[in-house]
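The hints should help you fit chain B onto chain A, whose structure is shown.
Residue numbers (the working numbering), protein chains in the order written: chain A, 1 to 236; chain B, 1 to 858.
Any given hint might turn out to be false.
[What the hints assert, rightly or not] One side of the interface only, derived from the structure: several residues of chain A facing chain B at Cβ under 7 Å:
| # | residue |
| --- | --- |
| 1 | F18 |
| 2 | I58 |
| 3 | T82 |
| 4 | E86 |
| 5 | H113 |
Worth flagging that the hints you see were computed from the coordinates, not collected in a lab. Cβ atoms here follow ideal geometry from the backbone N, Cα and C, with glycine treated the same way.
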Amino acid sequence: MKKVIYTLKNVMKTYESFSEITHALDNVSFELYKGQVIVILGPSGSGKSTMLNVLSGIDNPTSGQIIFDKVNIEKMSEKELTEYREKNLGFIFQSYNLIPNLTVYENVELGSHLSENTLDIAEILEIVGLSEMKHKFPYQLSGGQMQRVAIARAVAKNPKVLFCDEPTGALDEKVGKQTLKLLQDINKKYNTTVIIVTHNPAIALLANMVIKMNSGKVVSITENENTIDANEIGWA
Amino acid sequence: MGLLFLNAFKGLKFKKVQMIGIIFCIILSTSIYTAMNTALDRMEDRYHNYLKEQNVEDFSFIPKIDYAKDYTKEEIEELKKNELKDIPAQQMNLVNQYQMTIGIENIPNIDNLYKAIEYIFNNNGANDKKLEGKMAETKQKYDFNYTKETVKVSTHDKYLYKSIPYTGSETINVPYVVEGRLPEKDNEITVLPAFANKNDIKLNDKYTIGETEYTIVGFVNSPNHIFPLISINRPMYNEKTDNIMYMNEATFEAFSGVKESSYIAAFNDREKTMEFETLGDLFMNDENISLNPLTALKLLRVNSLEAEIATSRLFSEYFLYLLLGISIFVIIVITKKRIEDERLQIGVLKSLGYKSLSIAVSYLVYPIIGSLIGGVIGYGIGVLAHEPLTNMYVSYFNLPIEGFKINLTYLFNSTILPLILLSVLAFLIAIFMLRKKPLQLLKEGSNLKVNLLSRFVTFVTRKFPFKTRFKLSLASRSLGKLAIVTLTSFCTGLLIVLVLIGMNMFESMISKTFDGLDFKNSVSYQAARTDTSEVDDLIYNTSIDLIKVKRENGTIEEVDLNKKQNNNRMMMKKSENNEEEKEAIKKMSVTMNGIDTVTHYITIKDKEGNDLLGKLKDENDIIINKNISEIINVTTGDTLIFENADKEYEFTIVGIQDSFMGNQAYCMRNYISTLFEDTVSYNAKYTSDPKYDNMSNIPEDEMNAITSVFSIGDLKDNMGNQFESSNGAIYFVIAFASVLALVIILVIANIIVEENKKTISLMKVMGYKNKVISQIVLNIYTPFVVIAYLLSIPAMKAILTEIVKALTKDMELAIPIEFSIIKALAGLVGLLVAYYFAIFISRKSLDKIPLSIALKRE
Chain A
1 MKKVIYTLKN VMKTYESFSE ITHALDNVSF ELYKGQVIVI LGPSGSGKST
51 MLNVLSGIDN PTSGQIIFDK VNIEKMSEKE LTEYREKNLG FIFQSYNLIP
101 NLTVYENVEL GSHLSENTLD IAEILEIVGL SEMKHKFPYQ LSGGQMQRVA
151 IARAVAKNPK VLFCDEPTGA LDEKVGKQTL KLLQDINKKY NTTVIIVTHN
201 PAIALLANMV IKMNSGKVVS ITENENTIDA NEIGWA
Chain B
1 MGLLFLNAFK GLKFKKVQMI GIIFCIILST SIYTAMNTAL DRMEDRYHNY
51 LKEQNVEDFS FIPKIDYAKD YTKEEIEELK KNELKDIPAQ QMNLVNQYQM
101 TIGIENIPNI DNLYKAIEYI FNNNGANDKK LEGKMAETKQ KYDFNYTKET
151 VKVSTHDKYL YKSIPYTGSE TINVPYVVEG RLPEKDNEIT VLPAFANKND
201 IKLNDKYTIG ETEYTIVGFV NSPNHIFPLI SINRPMYNEK TDNIMYMNEA
251 TFEAFSGVKE SSYIAAFNDR EKTMEFETLG DLFMNDENIS LNPLTALKLL
301 RVNSLEAEIA TSRLFSEYFL YLLLGISIFV IIVITKKRIE DERLQIGVLK
351 SLGYKSLSIA VSYLVYPIIG SLIGGVIGYG IGVLAHEPLT NMYVSYFNLP
401 IEGFKINLTY LFNSTILPLI LLSVLAFLIA IFMLRKKPLQ LLKEGSNLKV
451 NLLSRFVTFV TRKFPFKTRF KLSLASRSLG KLAIVTLTSF CTGLLIVLVL
501 IGMNMFESMI SKTFDGLDFK NSVSYQAART DTSEVDDLIY NTSIDLIKVK
551 RENGTIEEVD LNKKQNNNRM MMKKSENNEE EKEAIKKMSV TMNGIDTVTH
601 YITIKDKEGN DLLGKLKDEN DIIINKNISE IINVTTGDTL IFENADKEYE
651 FTIVGIQDSF MGNQAYCMRN YISTLFEDTV SYNAKYTSDP KYDNMSNIPE
701 DEMNAITSVF SIGDLKDNMG NQFESSNGAI YFVIAFASVL ALVIILVIAN
751 IIVEENKKTI SLMKVMGYKN KVISQIVLNI YTPFVVIAYL LSIPAMKAIL
801 TEIVKALTKD MELAIPIEFS IIKALAGLVG LLVAYYFAIF ISRKSLDKIP
851 LSIALKRE
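Bound conformation, chain A alone (with noise of 0.2 Å):
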């Protein structure tokens, strides 16, 4: 039986600037559930970025309704929405985002800080394939070895749901496929809802759903019941 974890009703983001109104997200409507691989598709500009920032609360909307776990976060203030991402999600960006000068280990940490219901770290860099770097440095690593820290960083605090912004954009193929295959093997192993937002088309194929967007707008949403394995995907 499938979990809603997501809500979102009629929410719309816009900016205004010398009297130029743009419409980020345009009455987007839809329900993303537990545990799945979400893809969030479109080209630049299509307000794939926003739709992150809202549901992860860095930004507010300008209306409408985000309900995450039956509670509306669209009306929480700055505080509230830096509790909901404490305790609740996780980050992984396409620039890695490490610290320079702490090791792969205490860039781990420094997610695991925050849970009280912490993955143990050592496991985790385990599933990685990073446990031998541990007391490495990030300019020590390859871009590859980097984004590896940064999931480990994400998973570590054992969130609920794992937000990830163009994750493979920085990688090549083989590297990149590496990571998606890790996010899969995350999201069984934990069941934590995965988030990913990304212009390649090719990784919506490992996805439960995929949401296209398009100027602001949700332009199509399939479910997919045949997922493939992240090592079979054709690359963009």
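This is chain B only, laid out in the frame that chain A set:
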């Protein structure tokens, strides 16, 4: 290049805090530098001319009258009929005694009588003719002129007065009229301009001292009292209570006070100046005169300004360099950071063909703007602020001053010097950092490398809690910032510790000096007196030479001193070849104080605080002070052998007083006074009799017998008052140090926030609260601040110990340098308050960092 510079200039608005910090440092340093030097110029320009124009004395001398040989009985008889005819009976008795000793040799303790006679003769001009005969040759030999100066010192209520007779024919120490005129008629007086100002006195006002009313006709400076140290009772000049008055001779005669006479001289060559020790050497072997030891005190009144000017100039220069040094550090950090942040743009520029030189020049915007704005404003503030500073100096140093003149050197040092220093260094740093090839700069992650210290810290702190490791890793990331914060904390700590020790030192000195001194006045007499007292502590003191030590085991050793330990400065020599000189250092001059064993005021305690007076049981018992015991290495049970007039006297040590003031010894008064005066007597007393508080209350016959009244109460009040008034300066220094630390740390904290924008934004996105982020990103230098402060304590103690050692090496006193834990904690709290306040202010900018920065794609 112009575009790059313009780009950098426009970027200044995003570096407001950092620019304000640099400008503040430069303003502070240049304003203080300009104000102090401008004020000092006004004084110094006038000072040397003033000394020449007023023909200020160069030294004071004592005529070498051999009272055993230079006078005949007939000459004394003549003096008794003329110069000495009006002296009090007691003094006449002494003169008669002296007359009887002429021609007789080996009279015991004759030196004391000669001392009394010298005092009486000098005070009454009895030696003048004898001196004239001797002086003709001496004057020519050393090319000076001389005169006799007689003054009177008196205290009334809280006021201290020095009166000087004005005849109109002064050739040395010519008074300087600031306003009004010099006295002509009876009961006309002049006062110091500072005294008039503090007491709101105007010309022609009436002024009463005792029962006499005077008219103030002028505000006049005494040129040999630039620093008006009137009495050793009051070593700290107080312009409100200390005054020097000129009056005509008749008024002077009628004025009641302790009379002091001395011969003063000024070299005819007014360019000639000599240090005290040089003067001492000059007259060492002269047959007719010797240098008056009071010359040191007199020169202090004139030369202390020079020392003040020299030290103040030095201070202002070092202060300028110190703050410029801090500014340089900050500029370097900012420049480095900017280049690191803009490495991609720089990489692109270099790929396009821009040279490192032209790129580096654009980073000069910080030092140029900072030093020009800061320097010009600082100079302006300094010029404005110099006037009150000058007035402060002038109230302390009585001297006419020149008008204000623009000195372009200070403008140059305030603007161009910082500009050059800061620009050159910033440029060199920029050139160094821009040495990388374009590809290296463009390569992602090229800025991520971790320095050696960071790696070491990571290794060492593996077992520490996460937050601590995070803070330490951030702190060790930038050595430059760490160095600035640590150095600033260390320097601030030095200043704070200095003032806290200073306060403690002063308090401690006062309490150790006055501990056990419960009397109000110490009165000294020209000659021994035989009356008794139930309420005063009577003392017979005399100077006696310690020549040998007899140990408990019976061995006898001669005293053999290092010359700096010799109490008599006249015996200090550079050459040790002379037999006489060698002889001089084989004895120690000791002040022997004969006291009663039952005292009202005198307490003599050992190191443990035990009273020693009860140990004086036998007439040959002696208590010595620690100074003596350490110099000649003696202890309780040893016997000391003294010599006077070829006779030896033995005393056995029964106790050692915990005091380092001079070479002091104590024995039973009835024994020592009988030895030298043939009767139980005293020549000094400690008393609380209020009549000695005001000279006019002392009966005339006693007044004529007194050589000095030393007021402990006055001295204690004087030192205590000055200590209180200097508290304001102390708190100012602490506040100044804290503000400086605050500004520097604020700049650094601001840089930290900027540098860690992405990390801060990331942590906000991850769900860290602002308070927690602030704790682990901003509050990273606390251990370094604490360690730097703790290090500054022993550092300052060591510096002060050396300074005090250097200052007191020729004095027989020790100044305690103590620093309590409570004061240490108070200082640390002060510094941490400044630190946390800077963090608190920086938190505002931290809170404003948006979450979107973490989402930006590079």
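Taking each numbered hint in turn, which are not upheld by the structure, reported in ascending numerical order?
1
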